[in-house]
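Mind docking chain B with the ligands on chain A? Use the hints.
Going down the list, the protein sequences come from chains A and B.
Its first residue numbered 64, the first sequence is counted upward by one per residue in the numbering used here.
Its first residue numbered 7, the second sequence is counted upward by one per residue in the numbering used here.
Hints are supplied without guarantee of correctness; some may be wrong.
Okay, the calculated beta carbon distance ranges per label pair [as the list claims (entries may be wrong)]:
1) T490/A with P201/B: 40 to 46 angstroms
2) S234/B with K384/A: 52 to 58 angstroms
3) P201/B with D155/A: 55 to 61 angstroms
4) T63/B with P445/A: 17 to 23 angstroms
Pulled from the structure, derived: some chain B residues nowhere near chain A, Cβ distances all over 12 angstroms [unchecked claim]:
5) H15
6) N20
7) P33
8) G65
9) G71
10) D73
11) D142
12) E157
13) H210
14) D216
15) G236
16) I251
Hint data in this document are derived by calculation from the structure and do not stem from the laboratory.
In this text, all values refer to a predicted model and were calculated from it rather than measured experimentally.
Don't be surprised by glycine CBs; every beta carbon is placed ideally from N, CA and C.
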Amino acid sequence: MSARPATPSAARQAFGNGLDHAWSQAAASLPGGDWMRQIRADALARVVRSGLPGRRDEAWKYADLANMRTMALPLAEAVRVPVEAKAAVSADAHHVSIANGRVTQIPVPDSLPDGFEVLRLADTLDVPSLWLRPFLEPSGSVVDNLNLAFATDGVLVRVGRGMTVASPLVVHNSASLSGTMSHDRSAIVLEEDARLTLIEITGADATRDALATSRLAINLGRGASLVHIRLSSGTQGAALVQDGSVELAAGARYGHVALSRGAGLLRQQANVRLAGEGAQCDIACAYAAPGGHQVDLSITLHHAAPRTTSRLLAKGIAARKGRGVVQGRVVVDEAAQGTDSHQMARGLLLAEGAEIFHKPELEIYADDVKCGHGATIASLDPTQMFYLQSRGIPATEARDMLLEAFVQQVTDHAPDALREDLMAWATRHLLQKEGHA
Amino acid sequence: MMLDIRDLHANAGNKAILKGLTLSIAPGQVHAIMGPNGSGKSTLSHVLAGKPGYEVTGGTVTWQGRDLLSMPAEERAAAGIFLAMQYPVEIPGVTTINFLRAAVNAQARLRGEKEPDAVTFLRRVKEEREKLNMSDEMVKRPVNVGFSGGEKKRNEVLQMAILKPALAILDETDSGLDIDALKVVAGGINALRAPDRSFLMITHYQRLLDYIAPDFVHVLAAGRIVTSGGPELARRLEAEGYDGIVKVA
Ligand SMILES: Nc1ncnc2c1ncn2[C@@H]1O[C@H](COP(=O)(O)OP(=O)(O)O)[C@@H](O)[C@H]1O
Ligand SMILES: [Mg+2]
Chain A
64 MSARPATPSA ARQAFGNGLD HAWSQAAASL PGGDWMRQIR ADALARVVRS GLPGRRDEAW
124 KYADLANMRT MALPLAEAVR VPVEAKAAVS ADAHHVSIAN GRVTQIPVPD SLPDGFEVLR
184 LADTLDVPSL WLRPFLEPSG SVVDNLNLAF ATDGVLVRVG RGMTVASPLV VHNSASLSGT
244 MSHDRSAIVL EEDARLTLIE ITGADATRDA LATSRLAINL GRGASLVHIR LSSGTQGAAL
304 VQDGSVELAA GARYGHVALS RGAGLLRQQA NVRLAGEGAQ CDIACAYAAP GGHQVDLSIT
364 LHHAAPRTTS RLLAKGIAAR KGRGVVQGRV VVDEAAQGTD SHQMARGLLL AEGAEIFHKP
424 ELEIYADDVK CGHGATIASL DPTQMFYLQS RGIPATEARD MLLEAFVQQV TDHAPDALRE
484 DLMAWATRHL LQKEGHA
Chain B
7 MMLDIRDLHA NAGNKAILKG LTLSIAPGQV HAIMGPNGSG KSTLSHVLAG KPGYEVTGGT
67 VTWQGRDLLS MPAEERAAAG IFLAMQYPVE IPGVTTINFL RAAVNAQARL RGEKEPDAVT
127 FLRRVKEERE KLNMSDEMVK RPVNVGFSGG EKKRNEVLQM AILKPALAIL DETDSGLDID
187 ALKVVAGGIN ALRAPDRSFL MITHYQRLLD YIAPDFVHVL AAGRIVTSGG PELARRLEAE
247 GYDGIVKVA
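So here's chain B without its partners, still in its complex pose:
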């Protein structure tokens, strides 16, 4: 197993949000987590990425044999974990291209590798941004400043494509996208599917799963996974709504 979450309990602001969550993801697998608003999906993604402000009160998370929860956020990133955020952050004064370069170099240093040279780096950014229909001007602007919701999501996928993580956690990367943008973003994600790369896709709707076929679908409710299945579970959710499924489970 690459990622092994066992009986995870976590608080946010003294309130218990995750209440015994267990999930394992093997290399190459695509897992989808669906659940109603407020069920704890973003909390799970934040706890995995190491965002401050959450307190883990029980359980373990093992990543490639290491205790993930004891690692600072930047080490998790260098160890291959990437979170595409539901609400990407604006950083005035720092351009996307400089931000990406700092990230690539920092990860290389943390892994004890050589930093890629500038020419190689710039060529890669150009290739990846073109796949996502992003202009050169967009990556020269301050990170996410003045971007539309859809542009911010594309910028997340661009970062993922450049950083090539072993586990990509996508928190509602589909929300706020029109159908064309959704296709572009889904294309970007599909292009990254590989036998040694796993995905944890968090979504509220079945829509994204029409473009990216998951191997497993889990339903999160009140801080736990209440039921799991294959792609057919997502379609059932779409047809019947969360209420039925959550109650039956």
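The shape of chain A in the complex, shown without the other chains:
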């Protein structure tokens, strides 16, 4: 890319031109009939009008995407990227692979139990579909609109009423992107009392300007229960935005455990709406921001119905020149009496020049609520280090033990059967030594 234009309006102009160019190159190859093309064009127009989010947007205060020089890149080519395989989860599973925004592997329908559907988004866009429609509306979110304009593929998952899918659905999502962008878009619907475990393993790899967005809309019917595990990692050249929305009907449960390592910018944003009485969500995230990387978790928990419960735990480790951001916003509607919400952010700075920001926000319009929050930022405790060393444990091993213990309090939120695999992944990706140099 050429040097960044000097003024904001010139930058906006260049961004718009760049996007239009990317669009003219890509449009013909994007899946979907005319109706879909119209939706994409609307979404694109909105992105061009608003520009990419940056520091002037409150929700993007700490993670300036507009400054990442990831504007208006050409769309990445379809590739077959070797996926980082099943090693991350030893369980029996249904596997989906997405590479540079295109589905490259998907279970054949016959291999799935009756009532469990996994489809390619690209295969469903030729004719308008009523149930897809809400998932394809342009929205107020720039990233969502950019994704909608350019989405090449994704998966649509549906679990039928009362059904428990015994083996997890594993989605391997890899992007190899230098100088390009990729966008995938997926939706998961659990009907009444359905149950599923979803494991997403995402890697974004780039040595220079690159943007990947991954949009996931989750809809949980009455009493449905989703366990959503997400393992994400990126390299310094990549900006990866994982944009999620979760809608919970009465009595539904959403359990989310996310382990994330770096990327030039790894932004995980989610909008969780507890829309039905007694809905519950438990979100636990652990991240590591090695030098030159930043991780930004921006999560909104919206209590819209009575007696709903939310828990948010975010634990981050930042190395020298690494940056972590946790923005947890809790909104409690007037109707949401009896809401019980708690969020806790804990940051560990491994060196001078590491940065962690915590910004809890509460907007409460109901009067009978329990809303707690807490935040701590600290370094590794030297008295703990000495205690371990005084028993013969060398400094590097002592440090690893303390870091593992720090992260384990997050993996403990996952189901028993997955904890060991998650901890192994965390040890390899979050706590790897070169990342903390």
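Same frame as chain A, now just chain B with the ligands:
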């Protein structure tokens, strides 16, 4: 001599705390150091164990012929030095059993020995914790988290029993214990007495010495040993208080 401290001077936070301390301990001996609060007892134990934050400004410490002060804390541990701390540290997320196993294995590696197998290790922990009236549940909990003062001290003695050091430094292991707990802890320490194992017991009171008979008693005041004697010195301290003894010396 096993441990030879000569004219040791040390600072904490730019303040001189140890001001010329000399002490030798031979294999199998039990030494007690008594002294008023703030006299530098914990400072001595920390300097010997290699805790950061202290600056040695003079003197030498030789351990089994090696220059102790140049060794990192973990090597001192592997070379047989153990400090039961006055204020044991809580480590959330690390269970006592995993901590002990990591310590035993790390020491074995540093000494170039084979790590003990899991079955042997677990059997030893069970034996030792039962002697100290510690439940299985206690060693499966995070290190010292939510433990009472007495439980923390017992956990220190358990670690000592498993690690079998050549020199055990016990910094006020008796404080905060009721009489029953004191008997259990003293029993644990006495069970470890051996011809090749030495003890340096730091205490404020004579009480512990009723259960563990020392060979030598030293009085520490203002960073130096001001007088030394046998067990009778501890009884005199109890009767007369530190003031008299420290002034006479
Ligand atoms: N880090 C430190 N900085 C300054 N003074 C210290 C520090 N640690 C200990 N001291 C001081 O050193 C003296 C001896 O402390 P300590 O060795 O703990 O005594 P004791 O164990 O005999 O009660 C006390 O006056 C204490 O306040
Ligand atoms: Mg003391």
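Cross-check of the supplied hints:
no.	hint	in the structure
1	T490/A with P201/B: 40 to 46 angstroms	holds (44 angstroms)
2	S234/B with K384/A: 52 to 58 angstroms	holds (55 angstroms)
3	P201/B with D155/A: 55 to 61 angstroms	holds (59 angstroms)
4	T63/B with P445/A: 17 to 23 angstroms	holds (21 angstroms)
5	H15	holds (22 angstroms)
6	N20	holds (18 angstroms)
7	P33	holds (21 angstroms)
8	G65	holds (21 angstroms)
9	G71	holds (20 angstroms)
10	D73	holds (18 angstroms)
11	D142	holds (20 angstroms)
12	E157	holds (16 angstroms)
13	H210	holds (22 angstroms)
14	D216	holds (28 angstroms)
15	G236	holds (31 angstroms)
16	I251	holds (32 angstroms)
The structure shown violates none of the earlier numbered hints.
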